[in-house]
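Visitor: Order-wise, the sequence lines are chains A and B.
Heads up: the first sequence begins at 1 in my numbering, then just goes up one per residue.
Heads up: the second sequence begins at 255 in my numbering, then just goes up one per residue.
These are calculated hints, taken from the structure and not from any lab test.
Just to be clear, a hint being listed does not mean it is correct.
[Stated by the list, open to error] Cβ-to-Cβ under 10 Å is the rule here; a few derived chain A residues that face chain B: (1) Leu-69; (2) Gly-71; (3) Pro-75; (4) Ala-79; (5) Tyr-94; (6) Gln-97; (7) Asp-103; (8) Val-105; (9) Asp-108; (10) Thr-109; (11) Lys-167; (12) Gln-171; (13) Pro-172; (14) Ile-173; (15) Glu-245; (16) Ile-251.
A quick note: this is a predicted structure, and the numbers were derived from the prediction, not measured.
Where a beta carbon is used, it is the ideal one built from N, C-alpha and C, also for glycine.
There are 2 protein chains.
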Amino acid sequence: MLLEKEAFFVDTLLHYLCVNFTHLFSMIQNIRIAVDAIVFGYQNGKLYVLLIQQKFGTSETYWALPGGLVGNDEPLKEAVQRELREETNVEVNYLEQLYTFGDDVYRDTRNRVISVAYFALVDSSKLSIKADTDAEHAQWIEINQIPNLAFDHNKIVQKAIERLKAKLTYQPIGFDLLPKYFLFSELETLYCTILEKEIDRRNFRKKILSFGFVEETDKISVHNTGRPAKFFQFNTKKYNQLLQEGFHFEIKFA
Amino acid sequence: MLLEKEAFFVDTLLHYLCVNFTHLFSMIQNIRIAVDAIVFGYQNGKLYVLLIQQKFGTSETYWALPGGLVGNDEPLKEAVQRELREETNVEVNYLEQLYTFGDDVYRDTRNRVISVAYFALVDSSKLSIKADTDAEHAQWIEINQIPNLAFDHNKIVQKAIERLKAKLTYQPIGFDLLPKYFLFSELETLYCTILEKEIDRRNFRKKILSFGFVEETDKISVHNTGRPAKFFQFNTKKYNQLLQEGFHFEIKFA
Numbered sequence: 001m002l003l004e005k006e007a008f009f010v011d012t013l014l015h016y017l018c019v020n021f022t023h024l025f026s027m028i029q030n031i032r033i034a035v036d037a038i039v040f041g042y043q044n045g046k047l048y049v050l051l052i053q054q055k056f057g058t059s060e061t062y063w064a065l066p067g068g069l070v071g072n073d074e075p076l077k078e079a080v081q082r083e084l085r086e087e088t089n090v091e092v093n094y095l096e097q098l099y100t101f102g103d104d105v106y107r108d109t110r111n112r113v114i115s116v117a118y119f120a121l122v123d124s125s126k127l128s129i130k131a132d133t134d135a136e137h138a139q140w141i142e143i144n145q146i147p148n149l150a151f152d153h154n155k156i157v158q159k160a161i162e163r164l165k166a167k168l169t170y171q172p173i174g175f176d177l178l179p180k181y182f183l184f185s186e187l188e189t190l191y192c193t194i195l196e197k198e199i200d201r202r203n204f205r206k207k208i209l210s211f212g213f214v215e216e217t218d219k220i221s222v223h224n225t226g227r228p229a230k231f232f233q234f235n236t237k238k239y240n241q242l243l244q245e246g247f248h249f250e251i252k253f254a
Numbered sequence: 255m256l257l258e259k260e261a262f263f264v265d266t267l268l269h270y271l272c273v274n275f276t277h278l279f280s281m282i283q284n285i286r287i288a289v290d291a292i293v294f295g296y297q298n299g300k301l302y303v304l305l306i307q308q309k310f311g312t313s314e315t316y317w318a319l320p321g322g323l324v325g326n327d328e329p330l331k332e333a334v335q336r337e338l339r340e341e342t343n344v345e346v347n348y349l350e351q352l353y354t355f356g357d358d359v360y361r362d363t364r365n366r367v368i369s370v371a372y373f374a375l376v377d378s379s380k381l382s383i384k385a386d387t388d389a390e391h392a393q394w395i396e397i398n399q400i401p402n403l404a405f406d407h408n409k410i411v412q413k414a415i416e417r418l419k420a421k422l423t424y425q426p427i428g429f430d431l432l433p434k435y436f437l438f439s440e441l442e443t444l445y446c447t448i449l450e451k452e453i454d455r456r457n458f459r460k461k462i463l464s465f466g467f468v469e470e471t472d473k474i475s476v477h478n479t480g481r482p483a484k485f486f487q488f489n490t491k492k493y494n495q496l497l498q499e500g501f502h503f504e505i506k507f508a
């Protein structure tokens, strides 16, 4: 790191340059680039997003999406994985690019920052673990309980929810949010929760099972108060095989 | 602009700072942010993309997508519209964000540049005009004739074509590429061209007309060598009304 004297010297010089050569510095691009992660989790009929607490200045504490500046030699997708790991301790193998936020020039009041937002879905069984170990800095917040976030992060979360709703109907992403073995009723409830409406459960079950990649297992739920229910699982191999054969996943809701 | 003496002074100082404070400068983000535009046009059964000729160094001339660095106080979407206007003289009202390219750290060999790519569709009647006035710098190049482009621009174009193909099946975007009045056979050919396959023309016609937002006009084609054909038009008002009522456009092709 810098010695204090060096830092002072550089600072003085840069200040001199900025004051005396404003016309030159205005020609140089002065925009920072960041990444932000929207990580969704699901449990017991509720959709969660992973947030962190950030401190700005002396007193204001804001909830925000995990994220930060991109390293000079760092691919975007590695930057977002690193920020997630550093700030929340959550490892996500795959994040999908959502959108780049750079139309609002003042979205960060300190500097012009353009943010490339990524989103990911994680298995619900990971939720409880993380809530324990990182509760102080990172927390799973239910989607209906999201407070005012820093910057334009509420807008980013909103965009991610829209994408999630849309994808649910044309990709079998719901399974990414469930544990390996799930009750069919849990899958139905997940769809209802994310789409924010009731679905025709009989048609839904018929349709999903007709695809052939959701399989009944011989595991039986013992927790349920009603009659015993079978656990199901998603067969990734079968799904990929169907995709190769030109299959298009699609579920319509009236 | 800078006086020569000033420029020399700033240059010397910056060089001094870089040499003596490498450890400081490596901590400062040194990434540029650019926008690139993929503008599609369509005419006579062929899909075109708008390209410009760029000079690098002294002798190398490359075709490239129109685009450039974002201004410090410039929203991303304004930057891409400005670049398009400056480099091709083409005005486009709406561009959709495609993807942000920033995983390949060396996509520009001169500096790290992250590019936010946007795509747009323009009415085919605009194609001939532009080919006349800006032929030297900007040109409509047929999709199958695209040469090796600068940077990773071939990859960007490929991504845009994939998005275009996908959107064609769930949004009525084909009409944006056609003039106000078009023959039904032209719409069919457009779908065949973009999807790169034959479609069932009878089913396609039946399906499209069943939506109710493509209307027969009383204009009749006189150019055709076969029997006279009626011109059609897209009714935007009707389409928006249907959207509000919860209508989802969708065309499937076997």
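Visitor: Going by Cβ atoms only, is Ile-173 (chain A) closer than 10 Å to chain B?
Guide: violated (16 Å)
Visitor: Identify whether the interface hint at Gln-97 (chain A) stands, where standing means a beta carbon of chain B within less than 10 Å of its own.
Guide: Since the shortest Cβ distance to chain B is 6 Å, the answer is holds.
Visitor: Could you check if Gly-71 (chain A) really has its C-beta closer than 10 Å to a C-beta on chain B?
Guide: Since chain B brings a Cβ to about 8 Å from Gly-71 (chain A), closer than 10 Å, the hint holds.
Visitor: Hold the hint about Glu-245 (chain A) up to the distance rule: shortest CB distance to chain B must be less than 10 Å.
Guide: violated (13 Å)
Visitor: Does Ile-251 (chain A) hold up as a contact with chain B if the rule is Cβ-Cβ below 10 Å?
Guide: violated (12 Å)
Visitor: Against chain B, run the beta carbon of Thr-109 (chain A) and see if the smallest gap drops under 10 Å.
Guide: Status violated, d = 14 Å.
Visitor: Just to be careful: measuring from the Cβ of Tyr-94 (chain A) to every Cβ in chain B, is the smallest value less than 10 Å?
Guide: With Cβ-Cβ at 13 Å, over 10 Å, it is violated.
Visitor: Regarding the hint that Asp-108 (chain A) lies at the interface with chain B, is the smallest CB-CB distance below 10 Å?
Guide: violated (13 Å)
Visitor: Quick check on the hint: Asp-103 (chain A) CB to chain B CB, less than 10 Å?
Guide: OK, holds: Asp-103 (chain A) within 10 Å of chain B, min 4 Å.
Visitor: Just to be careful: measuring from the Cβ of Lys-167 (chain A) to every Cβ in chain B, is the smallest value less than 10 Å?
Guide: Nearest chain B Cβ about 13 Å off; hint violated.
Visitor: Hint check: is the beta carbon of Pro-172 (chain A) less than 10 Å from a beta carbon of chain B?
Guide: Constraint on Pro-172 (chain A) not satisfied, violated at 17 Å.
Visitor: Hey, does the Pro-75 (chain A) contact hint survive, CB to chain B under 10 Å?
Guide: holds (4 Å)
Consistency note: the structure conflicts with the earlier hints numbered 5, 9, 10, 11, 12, 13, 14, 15, 16.
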